[in-house]
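With the hints as a guide, dock the two chains, each given alone in a separate frame, to form the complex.
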Amino acid sequence: MKKSFRHLASTLIFGTLLSTSLVPAMAAEQVNIYSFRQPYLMQPILEAFTKETGIKTNVVADGTGILERLKREGLNSPADIVLTVDIGNLSELVKANVAQPVKTETLEQNIPAQYRDPNGIWYGLTVRARNIFVATDRVKPDEIKSYEDLADPKWKGRICTRSGKHPYNVALVASMIAHHGEKEAEQWLRGLKANLAQKPQGADRAQLKALKEGVCDVAIMNSYYYGRMLTEDNPEELAIAKAATMIFPNQEDRGAHVNLSGMALTKSAPNKENAIKLMEYLSKPAAQQLYAQQNSEYPVNPAVEPSGVVASWGDFKADSLPLAEVAKHREAAVRLLDKVDYDG
Amino acid sequence: MVSTLAVALIVCLPILSVLYVALFPEENIWPHLIDTVLPRYIKTTIQLLVGVGLLTFVFGVASAWLISMCRFPGRKLFEWALLLPFAVPAYVIAYVYTDMLEYSGWVQTGLREWFGWQTARDYWFPEIRSLGGAILMLSLVLYPYVYMLSRAAFLEQSESLMMASRSLGCSPWKSFWRVSLPVTRPAIAIGLTLVLLETLNDFGTVDYFAVQTLTRGLFDTWLNMGNIGGAAQIACFMLLFVCFFIWLERRSRARQKHYQPTDRYKSLPRYQLTGGKALAATLFCASLITLGFLTPFCILANYAYQYFEQSFTNDFITHARNSFLLSSLAALATIAIGLILAYARRLNRSRAVRSIVAVSSLGYAMPGAVLAIGVLVPFAAFDNTLDSFLRQHFGFSSGLLLSGTIIAVLFAYVVRFLAVSAGALQAGLDQITPSMDMAAQSLGSRPTAILRRIHIPLLKRSMLTAAIIVFVDCMKELPATLILRPFNFETLATHVHQYAMHELIKESALGALVIVAIGLIPVILLNRSLATTRKGEPLQRL
Numbered sequence: 001m002k003k004s005f006r007h008l009a010s011t012l013i014f015g016t017l018l019s020t021s022l023v024p025a026m027a028a029e030q031v032n033i034y035s036f037r038q039p040y041l042m043q044p045i046l047e048a049f050t051k052e053t054g055i056k057t058n059v060v061a062d063g064t065g066i067l068e069r070l071k072r073e074g075l076n077s078p079a080d081i082v083l084t085v086d087i088g089n090l091s092e093l094v095k096a097n098v099a100q101p102v103k104t105e106t107l108e109q110n111i112p113a114q115y116r117d118p119n120g121i122w123y124g125l126t127v128r129a130r131n132i133f134v135a136t137d138r139v140k141p142d143e144i145k146s147y148e149d150l151a152d153p154k155w156k157g158r159i160c161t162r163s164g165k166h167p168y169n170v171a172l173v174a175s176m177i178a179h180h181g182e183k184e185a186e187q188w189l190r191g192l193k194a195n196l197a198q199k200p201q202g203a204d205r206a207q208l209k210a211l212k213e214g215v216c217d218v219a220i221m222n223s224y225y226y227g228r229m230l231t232e233d234n235p236e237e238l239a240i241a242k243a244a245t246m247i248f249p250n251q252e253d254r255g256a257h258v259n260l261s262g263m264a265l266t267k268s269a270p271n272k273e274n275a276i277k278l279m280e281y282l283s284k285p286a287a288q289q290l291y292a293q294q295n296s297e298y299p300v301n302p303a304v305e306p307s308g309v310v311a312s313w314g315d316f317k318a319d320s321l322p323l324a325e326v327a328k329h330r331e332a333a334v335r336l337l338d339k340v341d342y343d344g
Numbered sequence: 001m002v003s004t005l006a007v008a009l010i011v012c013l014p015i016l017s018v019l020y021v022a023l024f025p026e027e028n029i030w031p032h033l034i035d036t037v038l039p040r041y042i043k044t045t046i047q048l049l050v051g052v053g054l055l056t057f058v059f060g061v062a063s064a065w066l067i068s069m070c071r072f073p074g075r076k077l078f079e080w081a082l083l084l085p086f087a088v089p090a091y092v093i094a095y096v097y098t099d100m101l102e103y104s105g106w107v108q109t110g111l112r113e114w115f116g117w118q119t120a121r122d123y124w125f126p127e128i129r130s131l132g133g134a135i136l137m138l139s140l141v142l143y144p145y146v147y148m149l150s151r152a153a154f155l156e157q158s159e160s161l162m163m164a165s166r167s168l169g170c171s172p173w174k175s176f177w178r179v180s181l182p183v184t185r186p187a188i189a190i191g192l193t194l195v196l197l198e199t200l201n202d203f204g205t206v207d208y209f210a211v212q213t214l215t216r217g218l219f220d221t222w223l224n225m226g227n228i229g230g231a232a233q234i235a236c237f238m239l240l241f242v243c244f245f246i247w248l249e250r251r252s253r254a255r256q257k258h259y260q261p262t263d264r265y266k267s268l269p270r271y272q273l274t275g276g277k278a279l280a281a282t283l284f285c286a287s288l289i290t291l292g293f294l295t296p297f298c299i300l301a302n303y304a305y306q307y308f309e310q311s312f313t314n315d316f317i318t319h320a321r322n323s324f325l326l327s328s329l330a331a332l333a334t335i336a337i338g339l340i341l342a343y344a345r346r347l348n349r350s351r352a353v354r355s356i357v358a359v360s361s362l363g364y365a366m367p368g369a370v371l372a373i374g375v376l377v378p379f380a381a382f383d384n385t386l387d388s389f390l391r392q393h394f395g396f397s398s399g400l401l402l403s404g405t406i407i408a409v410l411f412a413y414v415v416r417f418l419a420v421s422a423g424a425l426q427a428g429l430d431q432i433t434p435s436m437d438m439a440a441q442s443l444g445s446r447p448t449a450i451l452r453r454i455h456i457p458l459l460k461r462s463m464l465t466a467a468i469i470v471f472v473d474c475m476k477e478l479p480a481t482l483i484l485r486p487f488n489f490e491t492l493a494t495h496v497h498q499y500a501m502h503e504l505i506k507e508s509a510l511g512a513l514v515i516v517a518i519g520l521i522p523v524i525l526l527n528r529s530l531a532t533t534r535k536g537e538p539l540q541r542l
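For the record, the sequence lines run as chains D and P. In terms of the numbering used here, the numbers along the first sequence are unbroken and rise by one, the last being 344. In terms of the numbering used here, the numbers along the second sequence are unbroken and rise by one, the last being 542.
I should point out that these hints are in silico values taken from the structure, not numbers from a laboratory. Computed from a prediction, not measured in an experiment: that's the story for all the values here. Using N, Cα and C, we set each Cβ at its ideal position, and we do this for glycine too. Do not rely on the hints blindly, as some may be mistaken.
[Stated by the list, open to error] Which chain P residues face chain D? A few, computed with CB under 8 angstroms, are given here:
{"#": "1", "residue": "Leu376"}
{"#": "2", "residue": "Gly395"}
{"#": "3", "residue": "Gly399"}
{"#": "4", "residue": "Leu482"}
Chain P on its own, in the form it takes in the complex (with noise of 0.2 angstroms):
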């Protein structure tokens, strides 16, 4: 239990230490953002919300439920495809559609030529740098999150519970909207906090959409002002926001319980689609794909090809390589520290455990930016007391041990992200029934040994998932790593980064690329898992 709190403490620490930089402002920054900007900021980071938070709502869960319970032509196809978007960043795509769809771009160019338009004024054409086209860019990238958990769920629900829905004359649409979605509520929510959450931090799409979130405020206070404090004090207020939806994901599966009574399993009939219907949910999926990754692959695997020669270089295999082991360190912490806490929160459901799970979760809420500055505040201190002491004492220097190492950015990575291992850990450690640990506590087994011999076990879909979501995640983080990265370390994120902020989109296609690239595998992989499908199913191993 001590080990499991210290744990979480250290996990905190960033947390903590962005609240502690909040404390000291160079100047209280309120008065000037409350008569001037503050009021749009925050109206348009709920716009932000909502319509992302809507938007990847219906795409995952109507996809997730096509493809779990009916049949339509290429519904095998579609059900890995899905996924596929995850592995495009939302700073990626923003840059690719911004050059599609910008008044300057290749489209509305030959549409003015095809008609013989001469300026912006003889037509119309949805704007793509605004807020719609950043709620649109956020929620094709996003979606995955929410398909994935609520597929999942929806192949996992009780067949009986459907059974009974059906045999009482439920027809598909109202056995969806009283059994399935409630049921599955709990993994629905879990995936649109993620969204919501990443929606909340991102800074590339925003900023590069000029559309003014509260993060466009937060930069400001810092890079533009010179006022981290005040900066951070913003990430705070954020913060609530962040609060709300925890509380709102915690309120949403608060009264209800539900376990698998049972281990017997059979596949449930899928509805058959034909015609029209069949059709309609053919395109829908179709177009999720097209748009969401076949549209800016395709797009940067042209230019990556144009450019390959100057791209690909030395220097880059040891950026893609640098990528992927951090990624899959991180990827491995996450999921052993997501566990610890998953399971610390079961085992004792005292108050105190569980708000330190839950803050330990905020990470994910905050830019990666000020994560890093939460990082970058408590590691640095912690080197320079050391070395100040060892100097005092020994008289020697141990100068910075952890600041400006890989460990600070890995350190990052797991803070960053945990919430998303820790949410799906918790989620899957929900459905086991507690009458197993009971069985095993009472023929003696201990706590680590029922972790080992029965969770673990029953849990290597959900730690699974929550891997190849972190992997994925490190993959394209980008903020974090540019601050704490050490000497001559560049992943390709920051690689594409240095080019695509000087909107040389060409020049960075072949990095971005391979990050979609990589992307990919943990995306295969983690089909290959869910396409086990029901439990009862034959179980294909990895």
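Bound-form chain D, shown alone (with noise of 0.2 angstroms):
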């Protein structure tokens, strides 16, 4: 009994000790990521680039806690790069202070002003719109075009958004601060929150499957959502989809508010060429077609169309303060949630 649970104990760690890469850092060319997007959706380009560069990407995929670790692991941090999937993420870095400048000129040839840092401590991959959505059955699409439209009594308790907690609302209810000041856009959030039509819960496909069934008949979505729910082969989230007009709001003044993933070059990088080579790579037309198509977002890259289902929605007007300003007011934008107890 006993040696059969001795050599089953080692046999369990030296299997272990194997099978995984204890030093991620032996292999000669190669580059860390620490990434907020998901692993799914940044395999096929990540294959890409070894395949062009033979340059072995290591992925640390999906993880709440990044900023804490390179924080924490400091310049000894094995990241050369973090992949972010919301301008809080990008704003994080810099108030931390764990990312470096970069500027080339392939960056910025390829990147508008708009969607980097002016200081090159991060770069924008994609932009995805935050917009209305309604159900084609129950509303004209004339009938509401602006985010503070949300806010018109008329809507009452016909509006459905996830909680306003999450990063994307967070950063939504940032713009309307950065346009309108504190003061307007409490007023705007209780006129919102008292349009709801359920407390808010689900995640952002929810809303809109909410809106099909009748819960509401007003929702607020990520655009990129919309497309794959669209492309994605799958009967019932088209159904969902194709119940439901999208609608970019606020194109006649300022625009609809938008998000960007991103990246940006870790203070500590091991691998710094072969770090900048990927973001180069990852900002030309190829990658960047296949990073925003993956998605369904638009390329930052101005000289990139976007794929299929994106293009067919015609062109937008995208909110043009810089999203560095936006992501100043996240956390007054927390504190108002919490003041109007929007989750509530």
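Right, dumping it as structure tokens:
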């Protein structure tokens, strides 16, 4: 009994040690990535990068604590690049002082100034609009045109959103603060809360599902979810998407609130050269197309057309206020959400 | 003794680190919280705890009593099947039931079609995404803790006590309340404590159901306000709840010690249930299993079947292997350390030893993500200090030795689930009469020899139980794994998470199903060991 137990233990230990790369920094050419983006969305493009350059990519994906990990690991951190999905992540990187500036001609040419940090600390990769969706059979598309309209009492009991505390909604509220000031934003948020059909719950897709089933007539969702529901080849999701009409808000004034997925070079970056290669690669047309298409987003590179379904939505006007500006109001937005008890 | 203290201190490190982080908040978060959402967070947290506590008590103790003391149709099957819900992670059951029961789920859609209802205003249907829903979901998968521990206790209760109570004319009901329940209270209390701790640190379910508990505030402060110190303070505040539970649990067994007086056992005759009573017992057990296991299992199996080709890849097999290896290692380590601590507590009943053992169990009470920060901080500090020392004196760099390795993940698992093993082992040790130790001592045995030759053999069952609980818990563990894992390393739980967080429940189904299925293996093993029932009966070896 005891012998077999020991045998089992040692097999387990050695098996585990062998099966995992304890020290990733062994291979010659490689780049290490900490990513907020889900692995299945990155895999194709990273594979393409490796194929083209011979540089291997190592990933810790989908992590909540990435920022804290970077901070604590400090200058010994093995990470070279951070890939993010929200402007909040990017501004936190700046605030925590864990990223270093990069300036190359390729990057500055490929990525418009509006979608990168003025000091070159971070660069955007894809853009998504936070759009308003209405039930096609119950609401005329011109009945609602702006985020401001969401607070109109005529929508009482007819709007669905996910938790106000989700980064995407926090960024939206932050942009309202940036444009209107805290006081007016508070009034707007109270109005919106009073119009909710149900307590904020579920993620973005759930809001559209609720729309289809008649829980509400208006929902807020990121544009790429819509694109994916239309292209994922899942009849149920397709039916949900088809029951809704997408509206790019505020087209007559400042434009729709957009958010960014992006990248930054870490301060420690042991494979700096390779990392910059990857950053440049990601900004180039081929990669931009794939990276955006993978998640039905808009490429930041203006030379690249959005793919299939996204292109079919036509051009839209995006809010031109730099996202770095919007991000400054994130904390105020969180406090405001608590103050009006948005999720309560 | 020194080595014990060292072990205990290392295990306490993450908790101490969280306390340390709490000392340096970026900003004082409390005025804002108190002004706005804190009262509701506290109220909801208490409601959730009370709800889950009551429900798991009823589910767990009632089923354990029926199984160990009564005879009714299906008892043999239920005996092990009642453990099945334990294999289902709370976040998975929450996803599955929401998918099914929300307004746009197939149950309500079907009802609307059937009865011709048009909108939500035409009928009433319970809202699954609610406090009540969260209580039910958590209770359905957590009651096996109470069931397992109280069943073992019911089986091990002194036969002479039961005989005495029966011969003195106690009805079954009366002997349950007046004899069995008080005698098995320590075991039930441990089970309930585990349930409550797990409830307190749950984030997946309450987040998905938009139930506003303290954990919600914690993640808000950390991720949205970038205030990790403030988040650590909330974690410490939550520890107060935990200390209260632990105090309650300790108190519940403070004034009692009971040992098996002899080793003579006879199997107890079980009460024969008939008619309505038997039917009720069967239905009760069957519905627990159906709700807690069969329903989610079948739905997942169906989705997994539909999406099998997309899901079953080589990567998937690697993830499964990672999960399995990591959980096994963690279970072994946790048992070893748990045994050291529990035994130290038996040998030395001083306040110092007892409190250090108590503190080392607190990892279970912290949300996994906070505990992960508690591991990250000292590991990174150690790595960086060693590195700069080596650079300075020897001119070479060691880089990060521990951070970002599976050792960090493993350590987090051990700290997180130590309470499970320490609790079970302590309860087991407490039942071994000290006269055995004394006898061995007087015959010249050293403490380690006593442990090896007397306690470990007697504790086999407790150790196995503990190992299995820890194994299954590790398989399900998500937040600490996400934060601490090395490059290119996924477990089944993180694999499921990347889909489930975007409501792609069907794509995640196969992974979830395998977590559940692997969770079944230990459940079956556990059952075979427990099926040996009372000690007096012939012992079937594993």
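Hints and how they fare:
1. For leucine 376 of chain P, the interface hint holds, the least distance from its beta-carbon to any beta-carbon of chain D being 5 angstroms, beneath 8 angstroms.
2. Nearest Cβ of chain D to the Cβ of glycine 395 of chain P: about 16 angstroms, over the 8 angstroms cut. The hint is violated.
3. Of the supplied interface hints, the one on glycine 399 of chain P holds, with its beta-carbon coming within about 5 angstroms of a beta-carbon of chain D, less than 8 angstroms.
4. Hint status for leucine 482 of chain P relative to chain D: holds, with the closest Cβ pair at about 5 angstroms, below 8 angstroms.
Hint 2 from the earlier list is the only one contradicted by this structure; the remaining hints agree with it.
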